[in-house]
Amino acid sequence: MTNNPDSWADVEQRPEALRSIASNGELPPGLEDRVVRTLQRRGLLGAAPRSRLGRWVLPVAAGLAALAVGFALGRRTPTVQAAASQRYALLLYEDASFQAPPRSAEAGYVAEYSRWAREVNAAGNGLTGEELNYSGRTIDSAGAAVDHDRAADGQSVLSGFFIVHAADLERATAIAKTCPHLKHGGRVVIRPIEPT
Amino acid sequence: MSSPSDERALVTRVIEQRDEAAFRALYRLHTPALYRLALRLSGGSGATADEAVHDAWIRAAEGLAGFEWRSALRTWLTGILLNCLREGWRETAEPTEPLDDHVPASATISVELRIDLETALRELAPGYRSVLVLHDIEGYTHEEIAALLGIDAGTSKSQLARGRRVLRRRLERSGESA
Chain A
1097 MTNNPDSWAD VEQRPEALRS IASNGELPPG LEDRVVRTLQ RRGLLGAAPR SRLGRWVLPV
1157 AAGLAALAVG FALGRRTPTV QAAASQRYAL LLYEDASFQA PPRSAEAGYV AEYSRWAREV
1217 NAAGNGLTGE ELNYSGRTID SAGAAVDHDR AADGQSVLSG FFIVHAADLE RATAIAKTCP
1277 HLKHGGRVVI RPIEPT
Chain B
4 MSSPSDERAL VTRVIEQRDE AAFRALYRLH TPALYRLALR LSGGSGATAD EAVHDAWIRA
64 AEGLAGFEWR SALRTWLTGI LLNCLREGWR ETAEPTEPLD DHVPASATIS VELRIDLETA
124 LRELAPGYRS VLVLHDIEGY THEEIAALLG IDAGTSKSQL ARGRRVLRRR LERSGESA
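In order, the protein sequences belong to chains A and B. If you read the first sequence in the numbering used here, its first letter stands for residue 1097, the second for the next number, and so on. If you read the second sequence in the numbering used here, its first letter stands for residue 4, the second for the next number, and so on.
Derived from the structure by calculation, the hints contain no laboratory data. Think of the CB as a built atom: it goes at the ideal place given N, C-alpha and C, for glycine as much as any other residue. Any given hint might turn out to be false.
Here are the in silico distance ranges between beta carbons for each label pair [stated by the list, open to error]:
1) Glu1122(A) with Arg62(B): 46 to 56 Å
2) Arg11(B) with Glu1122(A): 43 to 53 Å
3) Pro1125(A) with Thr15(B): 22 to 32 Å
4) Pro1124(A) with Arg11(B): 24 to 34 Å
Only part of the chain B face toward chain A is listed, based on derived beta-carbon distances under 10 Å [as the list claims (entries may be wrong)]:
5) Ile18
6) Glu19
7) Gln20
8) Asp22
9) Phe26
10) Arg27
11) Tyr30
12) Asp53
13) Trp60
14) Ala64
15) Trp72
16) Ala156
17) Gly157
18) Lys160
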């Protein structure tokens, strides 16, 4: 069994011979879905994208750091925090109705959340918060663990939370009602934190 | 076949709306050629090609908003794919073909085997293989290859000439042993 020397031996002079082996071939099964799943986990695809909260957590954290320095130096009076030590958790949920911004509008969202956070802090209500990644794990009482990397369509996702100081539930509600998360179709659940 | 305007519309939908259907359409449009290229450049390693194509699409999706359409989308994707492959080569200590035309004894194939063109390509050093595949199979010009690989066009030409010589020697040796 021999090669065809006329086709291969003069490959230097007939490089087009190589084109004859060009063919698409079979793609590995599952590669497309694997790529899509990775992009969904990273919030680059899907109806329920990664929360936009994280973008403004840094500006808020910077503001809080300045506030803390001001308290330490006695320049500001922590009015609400001194008068009432009740803390409330504001739990931010994204449902199917949440309107994630297009990339061109992300900067505007970030500025909006940042401005709101600064205003809450400026009023002495001491706001902290964290963004939650969509991925995680659920463990039940039987010890079974289920990993999840994004919410199924239509399911509600806890995308972040704030801790805020307020005199009472009514005041905490008034603060929560001004959160831009609501304007964008999100939902805020207010829960008092049990004092320790 | 999608028109350029169709392709731009799909890209816009992926960027603005994170539209999965639009992404899958782009994926199906470009992946057959990308995978074929990755398979050839990885010496026939399906696992390497699989990983390279996966990583290339993730990087492409992350950078899609910054793509300015100065080149064809396929060319941009190919560049990303080549970077992914070369990073893999660096990690695995890319084998190098000697710059002269001597074929070392360790690279010879079994005398009982018939060497066909695909096998010969797989045995080329990645540098020669990249240029030869991109030019003679995929049809890129030396200028395009230079941009994709980060070399100059003159190097592409000399690598191509050497790659073809080595390829021919391997095929001739196979013919002699058959």
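Evaluated hints:
no.: 1; hint: Glu1122(A) with Arg62(B): 46 to 56 Å; verdict: 24 Å, violated
no.: 2; hint: Arg11(B) with Glu1122(A): 43 to 53 Å; verdict: 29 Å, violated
no.: 3; hint: Pro1125(A) with Thr15(B): 22 to 32 Å; verdict: 29 Å, holds
no.: 4; hint: Pro1124(A) with Arg11(B): 24 to 34 Å; verdict: 28 Å, holds
no.: 5; hint: Ile18; verdict: 6 Å, holds
no.: 6; hint: Glu19; verdict: 4 Å, holds
no.: 7; hint: Gln20; verdict: 7 Å, holds
no.: 8; hint: Asp22; verdict: 8 Å, holds
no.: 9; hint: Phe26; verdict: 6 Å, holds
no.: 10; hint: Arg27; verdict: 7 Å, holds
no.: 11; hint: Tyr30; verdict: 6 Å, holds
no.: 12; hint: Asp53; verdict: 5 Å, holds
no.: 13; hint: Trp60; verdict: 5 Å, holds
no.: 14; hint: Ala64; verdict: 5 Å, holds
no.: 15; hint: Trp72; verdict: 16 Å, violated
no.: 16; hint: Ala156; verdict: 17 Å, violated
no.: 17; hint: Gly157; verdict: 18 Å, violated
no.: 18; hint: Lys160; verdict: 12 Å, violated
Taken one by one, the earlier hints fail for this structure at numbers 1, 2, 15, 16, 17 and 18, listed in ascending order.
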